[in-house]
Structure formats: C-alpha cells, structure tokens
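Chains as they are written, first to last, in the numbering used here: chain A, 532 to 868; chain B, 532 to 868; chain C, 532 to 868.
Derived by calculation from the structure, the hints in this document are not laboratory data.
These numbers come from a predicted model, not from an experiment.
Virtual Cβ for every residue (Gly too), placed ideally from N, Cα, C.
A portion of the hints provided could be inaccurate.
[Stated by the list, open to error] As a list, the in silico PhoX-like pairs of lysine-lysine whose alpha-carbon atoms are at most 25 Å apart:
{"hint": "1", "chain 1": "A", "residue 1": "LYS664", "chain 2": "C", "residue 2": "LYS696"}
{"hint": "2", "chain 1": "B", "residue 1": "LYS664", "chain 2": "C", "residue 2": "LYS849"}
{"hint": "3", "chain 1": "B", "residue 1": "LYS664", "chain 2": "A", "residue 2": "LYS598"}
{"hint": "4", "chain 1": "C", "residue 1": "LYS598", "chain 2": "A", "residue 2": "LYS849"}
{"hint": "5", "chain 1": "C", "residue 1": "LYS664", "chain 2": "C", "residue 2": "LYS598"}
{"hint": "6", "chain 1": "A", "residue 1": "LYS849", "chain 2": "C", "residue 2": "LYS664"}
{"hint": "7", "chain 1": "A", "residue 1": "LYS664", "chain 2": "A", "residue 2": "LYS598"}
{"hint": "8", "chain 1": "A", "residue 1": "LYS696", "chain 2": "B", "residue 2": "LYS823"}
{"hint": "9", "chain 1": "C", "residue 1": "LYS823", "chain 2": "C", "residue 2": "LYS696"}
{"hint": "10", "chain 1": "A", "residue 1": "LYS823", "chain 2": "C", "residue 2": "LYS664"}
{"hint": "11", "chain 1": "A", "residue 1": "LYS598", "chain 2": "A", "residue 2": "LYS696"}
{"hint": "12", "chain 1": "A", "residue 1": "LYS823", "chain 2": "C", "residue 2": "LYS696"}
[Said to hold, decoys possible] A few chain C positions that, by computed beta-carbon distances, are all more than 12 Å from chain B:
{"hint": "13", "residue": "LEU534"}
{"hint": "14", "residue": "VAL710"}
{"hint": "15", "residue": "VAL818"}
{"hint": "16", "residue": "LEU822"}
{"hint": "17", "residue": "VAL837"}
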Amino acid sequence: MNLDRFRDHPSLFFVDWSLRGVGQVVFQNNPLSGLVILAALAWNSWIYAAICVLGVISSTVTALVLKADRAVMRDGLYGFNGALVGLALVAFTSEDFRTGAIPSVAMVVYLVCAAAFTTMAFASMGAVLAPYKTAPLTMPFVLVGWLFLFAVLKFDAIDAGPMAKPVSPDQFSETVPYVLATWYEGIGTSIGQIFFQDNWISGYLIVIAIALNSRVTAAMALLGAVVGTVVAAVYGGPEGAVRDGLFGYNSALTAMALGGVFLALTWRSLLYAVFGAVISSWLWASVAIFLKPIGMPVLTSTFVLVTWLMLLGQGAFKSLAPAPTDEPTAPEESRAG
Amino acid sequence: MNLDRFRDHPSLFFVDWSLRGVGQVVFQNNPLSGLVILAALAWNSWIYAAICVLGVISSTVTALVLKADRAVMRDGLYGFNGALVGLALVAFTSEDFRTGAIPSVAMVVYLVCAAAFTTMAFASMGAVLAPYKTAPLTMPFVLVGWLFLFAVLKFDAIDAGPMAKPVSPDQFSETVPYVLATWYEGIGTSIGQIFFQDNWISGYLIVIAIALNSRVTAAMALLGAVVGTVVAAVYGGPEGAVRDGLFGYNSALTAMALGGVFLALTWRSLLYAVFGAVISSWLWASVAIFLKPIGMPVLTSTFVLVTWLMLLGQGAFKSLAPAPTDEPTAPEESRAG
Amino acid sequence: MNLDRFRDHPSLFFVDWSLRGVGQVVFQNNPLSGLVILAALAWNSWIYAAICVLGVISSTVTALVLKADRAVMRDGLYGFNGALVGLALVAFTSEDFRTGAIPSVAMVVYLVCAAAFTTMAFASMGAVLAPYKTAPLTMPFVLVGWLFLFAVLKFDAIDAGPMAKPVSPDQFSETVPYVLATWYEGIGTSIGQIFFQDNWISGYLIVIAIALNSRVTAAMALLGAVVGTVVAAVYGGPEGAVRDGLFGYNSALTAMALGGVFLALTWRSLLYAVFGAVISSWLWASVAIFLKPIGMPVLTSTFVLVTWLMLLGQGAFKSLAPAPTDEPTAPEESRAG
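The shape of chain A in the complex, shown without the other chains (with noise of 0.2 Å):
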C-alpha cells in the first residue's frame, strides 16, 4: 500500500497531513499509525478521539492560513501539539478523566485558540533552536497548555471542575503493594498517558501504531516504559502512580527521541536512551511535587528537558552520532551498531 499516496492529494491531503500530526506525537510520519492512534483513542473513550481530531485541525489549519512551510505541514508537524493541547484541556478539566466530557461552546473556541497558538509557539521554538539541529518537541503543547490551563479555572464562562485526576505521587497511598497487573497495566498505561489514556489496552493499541511505521521505535517505546517503572519501583513509588503509568509516559517518550529518532541507534546511544529514561522517571516525581501546590499535571515537561538537554550539546561528544535523516521515521534504517 502506498502510504504516501494522499499526501499531495488536491483535496485529501488536509486528512492525510492531520493524520501524520497524530503520528508525530510519537514521532511517526505515517497516516496509519495516526489512524490506530485515533481508533486507541476511541476505544478508550470517543470524547477523545474527536477532541484529537479538533486539536490536530485547529494546528494545522492555522498553519495553512499563515502560509507556512508546505514541508513542514506534510510531514504534520504543525499538527502534534494541537492535538495534545485539546486533549490536555478536556482532560483535566472533566469531571471524569478517564472519560473525558464534551466541552461547552466557550470551552471549544478556547481549546482551538490554544491549538492555533501552539502552531506560533512551535515556529518560534523552531526558529530558536534551529541552529542546535534540535527539535521543539511537544514543548509548545507544554507552554501553552499549562498557561491555558491555568486560566480555565477562572473564567465562569468555562464550568472547570476541581481537577480530579491525582498530578503527584505523593498523592497515592504508599502501602498498596504491587501485583502483577501493576505491571502490565503500569506498562502499558505509560505508552497511553502520552495521550492523556488511562487505558492500558489503549496503551498497547497505540506500540502496534507505532510498529506499523518502525518497530525499532515501537520497541524504544515499550523499553522506556519498562524502564520508567522499574525506577519507580525501585526507588518506592507508590502503586497507584505506577500502574497509572504516570512514572513512565516521559521516560517512554525520551527512549524514542534518544534511540533511533535524532541520534543514530548504536550500542552507545542505545545506553544513552536508557539513561535518559532513568533520569525522566525521577524527574516526573520532581516536577510533580514541584508543580503540585499549583495544582498543575507535568505533561510532558521532563521528557522535553531531560531530551533538550541531552541533544542540544551532541555536538561535544564524538560517541554520539544525528540519526542519518531529518524526516524521523524508520531508524531502522540508520541503524550503525
């Protein structure tokens, strides 16, 4: 099948690039994965799905009324951060997080403003970090959900429950002991918090997405998973965080970025993805005791930092090579080790 096929398809095109905005949140330039991401979603819970959709087009749509790079908006990289931004406000401002609610009229001109703005904030985060050969990441999703948020609770017009999702660990009990399904749903949960689902099943649904376009990030996927819940565990985190997956969903996502996405997978990086999983484990502790008193969630703050961090100086180590192509999406192909 040719997946390319719409993707300069005089009117399907706008689906084509919205549903590669969904891949990108995992970094898959492919409009299938989008599409089981979407189905994932929609078993989970149809709410979802459809606030998904909405934020990908709001993002997207921008783009093209701004008249941005058409390059860009092919491989849907205007479209990630919108779709992540409405999810992020239905989110955590339903009475039911699991579920989601369908939003009031005010509350979706809101979310589309926030997913148009994340479209200005990922072209400014480009722009800036464009001579470091490093990508914004969902980092314009992180900056301008949290200042949406914020607002919502104080405008009548938007009915914002109090946040019933738990945003710290030290929010769970510390004496549930784990069980097995601690970790195969903690497991799986990780992948789907990156899509705010509280499913696991969703979560698995969502690694097969994944492997449709590369199984080697398909696999990093599952790993930083492994890897974030293993910490926690470790370490004593409380149950029920890590069977909400809530110590891993960062930790998954830095396993893709670091190993095969933007540095070449070897031994070496490999190793080095490991430790960047580690490292966002206990940084989501961090910064959810930290932004606990404000009541604020951390997204995907830690990945985008721990990340950051660890690309922007790849240029000081010689054991450390760019993933071969700026397009990311199959790494088998650059695979050196």
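Chain A is fixed; fit chains B and C onto it per the hints.
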C-alpha cells in the same frame, strides 16, 4: 516643529534621549510623546511622573557610562525598562497604589540600581534575540522588576507595606454587574496600567501621546484594550478587574507590537494582532493566578511572552512580513494592505 | 614545580583533570588549587571531601565515556558541576548540614547519575551560549540540583530528613545584634558556602587555594564576600544569615567572574564587578524568599543569573573587554587598567 533638533545637541541631547525613553514604553521614538506621557502621569500623581524620570535617567546614564552603541541610546531604547522598573518598585511598595508614596533614601538607591541593571539586561537579551530579529521588549523590566520586588519585602531598611493592590482576578468580587463606566473606564485604564496608572483619563492622554507620533499605533492600542476588555467580559472576568484595566494592558501592548510596529500592517497581520490581543487577555488571568500565591504582579510578562511566541517564528510564515524599518516609529509608512 | 606534568600522563591524567575540576568551581584551572580545596573541605568534614571527589569523578568519567572534546576535559570543565551537585544532594538530605551524612547505596546511585547528567547539561548549555561568548557557569549544577533535590523527598528508598538548613533570610531571627564575629566569620563562610561548608576557616583556606593560582581572583573573591556582607548589613539582613555567609557566596562568585576571569580587569570592570556583587547579594534574598514555599535552596542561581545578564550583552558596551584568553587561569596576565 523639528522634533529631532535636540537629539544631537551638545547639552540637551540627554533630555531628548530620556523623553524618547519614556515614549518607547509604547514604542514611540519621539520626545514629544514622552513629554505628553509624563504629563499624563502627573495628572494622576506627580510622584509617579518624578519616579518615571528618575528611572529613565538611571538606565540611560548607565548606558552612557558603559559606552553603549550611540544609535540605540539615541532612540531611547536604553531608557524605557528603567522607567518601568522605577514605577513598579514604587507602585507595589506604596500604601496607596493609585498615588504612590515618596520613596525612602534606601529605596531610591535600590531603585536606581535596579534601573541601571535593566540596561545590562537589555543589552544581554538584545544580543541573544538579535539573530531572530526580535526585540527584548519589556522583558528586562519584567525580570528585574520581579527579582527586585521580592527582595524588598525582606530588607528592614525599606519600609514595604503589604501589597495593597489586587494582582489576580480572583481577588475581585464576582457579583458586581457591568455598567457603562466598566467599559469606558476599563478601556482607558488598560492604557494607563501600562504605566501603573489607575486612572482612565491618564490612559486616554497616553493614547493622545502615541497619536502625536503614530495614529495607527494609537488606534492599535485602543483596539487591543477593547479586545482585552471584551474577551474578559465574554468569559466572565470580574467587573473590578475589567474596570481596573487589568485584562487589557497586555492586550494593548501586544496589539501595538504585532499591528504595525514589528510586522508590516496588512489585513492578515491585523487579524494576527487581534488574535494576539485575545490570547494576552486570557493569559493575563492565567499568569496572575499562577503568581498570586507568591504575591507577585503579572507586570507585562504576558505581552512579552505572547509577542515573542508570535514574532520569533515569523520567518516560517509567508503571510507575515517584518515592518520595513528597524526604527519603530510611524507604521503609517509601512502599511501594505 | 611544573603543575602541568600530570596533565597528559598516561595513567595519572585523570587525577589531574579531576583536581582541576574541583578548582574550576572557583575558576581555577590548577590541580594544586583543587587539592587545597579538598583539604579545606576535609578540615570541616571528611564526608564532604569524599563526596566532592565522587561527584567530580562521576561527571568527568561520563565526559570520557561520551568522548567529549579533550581540551575541555583537560581544563577540568566537565568536573565542577558534578562536584557541586554531589555536595548539594548530601548537604540538603543530611540531618546535620554542617558535617553531612554518609549516603545510602540508593542515594549514591542517584547522586552519581545526577553528576553524570550535569556533563550532558554542561555540553548543551555550552552549545547554546557559545555564540554569545558566555560560559554555562554553574547553571548545570543549579538546574540538575533543583530537579534532583525535589524528587529525593518522595522516594522511599532515599531517607531524606526534613531540610534542616534554613534557606531564606526570614528563617533567621531579626533581633540578634551584629558583633565582630559576624564580620570575619560571615566573610569567610561566604567563601565556604560556595562548597556548602558552614565553616569560616574552610572558607579562608579556599581563598588560599585560589591565591595559589591567581592572587587577583583571590582578592576578588574576598572583595565580593565583603560587598555581599556589607550590603546585607546596610539593608538590615538578619545577623544569622550574614554570619552564615548566605548573603555573600553569590557575590563572591560574581565578583570573580566579572573582575578578571571573563572580563579584562580595569577600573571600569572592577566597578562593574562590585555592582554585580551588590545585585547578587540583594537577589540572593529575593530568590530565597521566592523558593522558600517549595523548600528549595537558592544554590548559586543568583550568581549565574546576574553574571549572565552582565556578560551576554558585553559586546554592546565599549567600556568592557573580554579577558584576553579563553582559559580562565591567571587574570594577572590580562590586567589592562
């Protein structure tokens, strides 16, 4: 009248540069605008007018002593952050925010050093932002202002009362209805708050000061204030905060910056500026709520953040073009749409 | 004595590089300075001396494994942030801040990873700052230290007591009068606090260690400590915080950095350095009050912030000139005024 006749005068040049410094708070490289702004401040409180002069002199003298680039000094660009930091330190340590209080000697030394420090911060931020064709805006003021406001509360020698001024929307009653004065006072005070003036007449006088140099920028200032106020009203912002101009001052600055000062004014950039004004208004509420626990005011941080995120990546969007001249004076000459 | 004879020695080079790493905390690319500093730490507590060695080894080995640039490693520049992060993690998790406590195995693993992570952070910040001819200073330590200190409080496996050390001026009594010991202890401890040593004799030993390599920098360290202490006294800082060296350690570092290390030493840059020391002292109080609600110490954040803001824009000021050599060793050779 030749407005530039004192600009290189052997002894009066410093008066000219300082007045331009006052004007540059609202992007006006024009000594007459600066003079009218000082009159607008004096209309509200002669103390603020005097502090504004002290601040602009401190930072401009520092630039002279350090032998800064003459062209930059001549445009008043080393002065405006010093003026603002002086006003902020007095405003937030006075028992009566509206009139301000005459500062103690220890406070004057402190304030002069803070204003001098903005000169170094301006040069540093300017150097970092130069490759991206983006200006430091009022970030030196925001950063130095926050840092110096915190310390002030803990030094015995500086007699700081409790911060009397509400700094966040949730400090206002939510049950007061909107009346006609909410609108005309709120819009005027939005402009006044740029200079910490709780006075709507001073605000409209500042609009006149801007119009003396650029009618387009004056119109954008009003448009931004209107947008910020309307957005707050639609989303249920409390009447007291709206009438106080708090939802509007960042919007007014963002609208000016994007609507003619840094981007060539076209229909597209006009919409871009209105979008920025909407976001600035929402994010004022957001940052205010974030900062309230530590008792800090938002200052113009929202304007800087939104404008940076909408300007740094301007090169990626073909539908935007930079204003044709480096010297942000009269957008009339750059209208292309 | 040829101080460089072990620098390229086939087996002892690592000892040389590590000792330089210790010296680089106070800008001394000199193994003998590093050795005397370790002795100064051991005078106060052998635990801190051992932890300092562990930290510097962890980050330097990481640089070797990643094949970092040899010239940078030879100067000890990959070591000093690791040394500091190790000291900070032990200091702020020990029941007795003054002596420190022997860390658990889980803590040692954590600490070694944190020190290793500073190596990556140093390379990344170095890459970002390189175009502006500005060094990362101790920012890798500050950032990694903050992030790792937070998480530590929530992991069962790491037995962190309540942070025993006061971290903010308002935690000290305001009624204790200044005595003679306030001064000579406060100035000495200001230098000691750079390495978390609550010991004024250790502080003066560190001054000797600096003087072994550069008498000018040793003098600037003392001058900075004096300025920080005097400023605190004039503005009514509590005696306990002054005697503890808390108002002075950032000032001492700023004075060294601006007075000879990064700027050529002239009368103008001497005044510039004194101004920076004044600001650093004020802002220590400011950042301490900002961080107190979340229980975090200031570390050397004020020094980094002030020095960056006074160095990044140096090119804009004709009255300043960079120190003539890249290698910050002996400012004696660069005095121009």
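Right, here's what the structure says about each hint:
1. LYS664(A) / LYS696(C): This hinted pair is violated, its Cα atoms lying about 42 Å apart.
2. LYS664(B) / LYS849(C): Holds - the C-alpha atoms of LYS849(C) and LYS664(B) are around 23 Å apart, at most 25 Å.
3. LYS664(B) / LYS598(A): Holds, at about 19 Å.
4. LYS598(C) / LYS849(A): holds (5 Å)
5. LYS664(C) / LYS598(C): Answer holds: LYS664(C) to LYS598(C) is near 23 Å, not above 25 Å.
6. LYS849(A) / LYS664(C): Cα-Cα ~23 Å, so holds.
7. LYS664(A) / LYS598(A): holds (23 Å)
8. LYS696(A) / LYS823(B): Holds, at about 23 Å.
9. LYS823(C) / LYS696(C): It holds: about 12 Å lies between the C-alpha atoms, which stays within 25 Å.
10. LYS823(A) / LYS664(C): With a Cα-Cα distance of about 38 Å, the restraint between LYS823(A) and LYS664(C) is violated, given a limit of 25 Å.
11. LYS598(A) / LYS696(A): violated (38 Å)
12. LYS823(A) / LYS696(C): holds (23 Å)
13. LEU534: holds (35 Å)
14. VAL710: Given a closest Cβ separation of 18 Å, the condition holds.
15. VAL818: At about 7 Å from chain B, VAL818(C) fails to clear the 12 Å cut-off, so the statement is violated.
16. LEU822: violated (10 Å)
17. VAL837: Non-interface label on VAL837(C) violated, nearest chain B Cβ at 8 Å vs cutoff 12 Å.
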